[in-house]
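*Asks:* Chain by chain, the residues run as shown.
2 protein chains.
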Amino acid sequence: MSLTSVGVELHCRCIMTERRPIGRHIEKVEIIPGSSHCEETEIIATLKKTGKEVCLDPEAPWVKIVINRILSNRRR
Amino acid sequence: MSLTSVGVELHCRCIMTERRPIGRHIEKVEIIPGSSHCEETEIIATLKKTGKEVCLDPEAPWVKIVINRILSNRRR
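Same order as they appear, the protein sequences are chains A and B. Position 27 of the first sequence, counted from 1, bears residue number 27 in full-length UniProt numbering, the numbering being contiguous throughout. Position 76 of the second sequence, counted from 1, bears residue number 76 in full-length UniProt numbering, the numbering being contiguous throughout.
To be clear, the hints were calculated from the coordinates, so they are not data collected in a lab. Among the hints, a few may not be true.
Partial list, derived from the structure: chain A residues whose beta carbon lies under 8 Å from chain B [stated by the list, open to error]:
| no. | residue |
| --- | --- |
| 1 | 24 |
| 2 | 26 |
| 3 | 28 |
| 4 | 31 |
| 5 | 34 |
| 6 | 40 |
| 7 | 41 |
| 8 | 60 |
| 9 | 67 |
| 10 | 73 |
Straight-line Cα separation of at most 16 Å, EDC-like style, residue types lysine to aspartate or glutamate; simulated pairs [to be verified]:
| no. | chain 1 | residue 1 | chain 2 | residue 2 |
| --- | --- | --- | --- | --- |
| 11 | A | 28 | A | 53 |
| 12 | B | 64 | B | 18 |
| 13 | A | 28 | B | 39 |
| 14 | B | 52 | B | 27 |
| 15 | B | 49 | B | 27 |
| 16 | B | 28 | A | 40 |
| 17 | A | 49 | A | 27 |
| 18 | A | 28 | B | 40 |
| 19 | B | 28 | A | 18 |
Among the chain A residues that face chain B by a calculated CB cut under 10 Å, a handful are [claimed, not checked]:
| no. | residue |
| --- | --- |
| 20 | 15 |
| 21 | 32 |
| 22 | 35 |
Backbone N, C-alpha and C fix where the C-beta goes; we use that ideal spot for every residue, glycine too.
In isolation and in its complexed conformation, chain A is listed as follows (with noise of 0.2 Å):
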């Protein structure tokens, strides 16, 4: 759920994820594979009206279906 500011990172944004499924409060995702600047992939949601950026869990079977419903562009 914390992360850093943005920009080009050198280093793991993500410290703690949103354990809630949040899908329907999601403006948009940015997803960041796993470099030499973070191993893990991070998911980074910003959430509508607040545009509070928070982190989400890639393992998470929620995060995986709600990424693959605004792929299929199934109005959120």
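Use these hints to put chain B onto chain A, whose structure you have.
*Replies:* Below, chain B without anything else, positioned relative to chain A:
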């Protein structure tokens, strides 16, 4: 492949989408669900090295494969 500047957009950002499978060159991916501002789901990839932003087709099979590969945390 073209898109407008960043920020809170009140319209679609993608005009054209990249047809070539550029999965290996992706630094990060931004997924924006369809909304009242833009009906279509938009996927904007930032490329490694150049930092260039390109739009991807949410319906292209290779795009779904690349995103799901990233979610599975298989190293790029």
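*Asks:* Determine for every hint whether it applies to the structure shown.
*Replies:* Cross-check of the supplied hints:
1. 24: Where the cut-off is 8 Å and the nearest Cβ of chain B is about 10 Å from residue 24/A, the hint is violated.
2. 26: Holds: closest Cβ of chain B sits about 7 Å from residue 26/A, inside 8 Å.
3. 28: holds (4 Å)
4. 31: holds (5 Å)
5. 34: For residue 34/A, the interface hint holds, since the closest Cβ of chain B sits about 6 Å away, which is under 8 Å.
6. 40: It holds, given that the least Cβ distance between residue 40/A and chain B is near 7 Å, below 8 Å.
7. 41: holds (4 Å)
8. 60: violated (10 Å)
9. 67: Nearest chain B Cβ about 7 Å off; hint holds.
10. 73: The hint holds - residue 73/A has a Cβ within 8 Å of chain B, the shortest such distance being about 4 Å.
11. 28/A with 53/A: It holds: about 10 Å lies between the C-alpha atoms, which stays within 16 Å.
12. 64/B with 18/B: holds (14 Å)
13. 28/A with 39/B: holds (14 Å)
14. 52/B with 27/B: holds (10 Å)
15. 49/B with 27/B: holds (8 Å)
16. 28/B with 40/A: The given pair, whose Cα atoms are some 13 Å apart, holds under the 16 Å limit.
17. 49/A with 27/A: holds (8 Å)
18. 28/A with 40/B: holds (13 Å)
19. 28/B with 18/A: violated (20 Å)
20. 15: Nearest chain B Cβ about 17 Å off; hint violated.
21. 32: holds (4 Å)
22. 35: Hint holds; residue 35/A Cβ to chain B Cβ min 7 Å, cut 10 Å.
In this structure, the hints that do not hold are numbers 1, 8, 19 and 20, in rising order.
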